[in-house]
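Chemist: Sequence:
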Amino acid sequence: NFKDQQLKMFVRKLQKSIYVHGYSSAIYEIAKKINSQHLKKPLHLKLIKGTSEKIFESYQPEIEKAFGQKMISEYGAAETGIIAFECPKGAMHINMEGVLVEEIDNEIIVTNLQQHSFPIIRYKLGDFIKLAPKTKVCACGMRHLILEEVTGRIGEVVYGKEMTYPTLYFYYIFKNLAKKGLLLAYQVVQNKKGKLYFLIEQSLHSSEKALLLSEIELYFNDDMEIEIKENTLVSIGARKRKSFISNIV
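Residue numbers 715 to 963, in this note's numbering, belong to the letters of the sequence shown in order.
Hint data in this document are derived by calculation from the structure and do not stem from the laboratory. A quick note: this is a predicted structure, and the numbers were derived from the prediction, not measured. Treat each hint with caution, since some may be false.
To be verified - Lysine to any residue pairs mimicking SDA-like chemistry, simulated, CA-CA at most 25 Å apart: (1) 844 - 876; (2) 893 - 863; (3) 768 - 864; (4) 763 - 865; (5) 717 - 774; (6) 850 - 876; (7) 844 - 830.
What the hints assert, rightly or not - Restraint-style ranges between C-beta atoms, simulated for each label pair: (8) 827 - 927: 17 to 25 Å; (9) 848 - 959: 16 to 24 Å; (10) 909 - 733: 37 to 45 Å; (11) 757 - 828: 30 to 38 Å.
For every residue, glycine included, the Cβ atom is placed at its ideal position computed from N, Cα and C.
Could you put the whole structure together from the sequences, leaning on the hints where they help?
Modeler: What follows is the structure, encoded as structure tokens:
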């Protein structure tokens, strides 16, 4: 939890630690607390790894300020083990010693090469992905294949007034904004068909809000009512933070 007493105990433990990992949102919240309360910063950390959740680009400045380095990403699953790991140059390299990865209709198919008692063969993990061409070579020098994108979960449906949409649209909306220099931490909630709530952690200038709305409209047009709520993304502690929550039964 993020109560002051518990947090200060954890930060003291970090002083002698060389490695920390966990939900990316939890690490981000700890970094914010360290910075805002001017707590002693850990000096011996060699690796900060976020897993199980998307690492928003907006997390990184706060994390680098608190820990002196960026958070790197790991992608995997309980059934398959580690699938990909971020290198120093920022590419997600496939763990080719441990898994075979196929992309079929933008869906990831994984075979685990290390489990012998209970083999996992061509397992549909349930994520949309994009693999880099096999000819792409990373500047880090590793020849492992590269996972370019994990764009969203398969099976989750966004309901418009007339049509349905994939959740990967949210990934592209905020990726496009990041390319334009607008880095946002977000969560999208749907309580009824035809309406979406965009919960944004930051405050937005009028021009930034207009840019966000224009990007949303490119994907949903007039089929969706949009409400933007600023300063509303709240940490949920020990639970995984989801980018999209649907309350439609």
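Chemist: Could you run down the list of hints and mark each one as holding or not?
Modeler: Checked hints:
Annotation: proposed proximity of residue 844 to residue 876 is violated, straight-line Cα distance about 29 Å (limit 25 Å). Between residue 893 and residue 863 the CA atoms are separated by roughly 15 Å; this keeps the pair inside 25 Å, and the hint holds. Proposed proximity of residue 768 and residue 864 is supported: the alpha carbons are some 9 Å apart, at most 25 Å. With a C-alpha separation of about 19 Å, the suggested pair residue 763 and residue 865 falls inside the 25 Å cut-off, and the hint holds.
Distance check on the hinted pair: residue 717 and residue 774 sit about 23 Å apart at the alpha-carbon level, within 25 Å; holds. A hinted pair counts as satisfied when its Cα atoms are at most 25 Å apart, and residue 850 with residue 876 does not qualify at roughly 41 Å. Simply put, residue 844 and residue 830 have alpha-carbon atoms about 28 Å apart, too far for the 25 Å limit, and the pair is violated. At about 46 Å, the CB distance of residue 827 to residue 927 disagrees with the hint of 17 to 25 Å.
For residue 848 and residue 959, the hinted distance range of 16 to 24 Å is not satisfied, since their beta carbons lie about 36 Å from each other. Checking the proposed 37 to 45 Å range against residue 909 and residue 733 shows it holds: the Cβ atoms sit about 43 Å from each other. Remark: the range hint 30 to 38 Å for residue 757 to residue 828 is upheld by a beta-carbon distance near 36 Å.
Checked against the numbered hints given earlier, this structure breaks hints 1, 6, 7, 8, 9; the rest are met.
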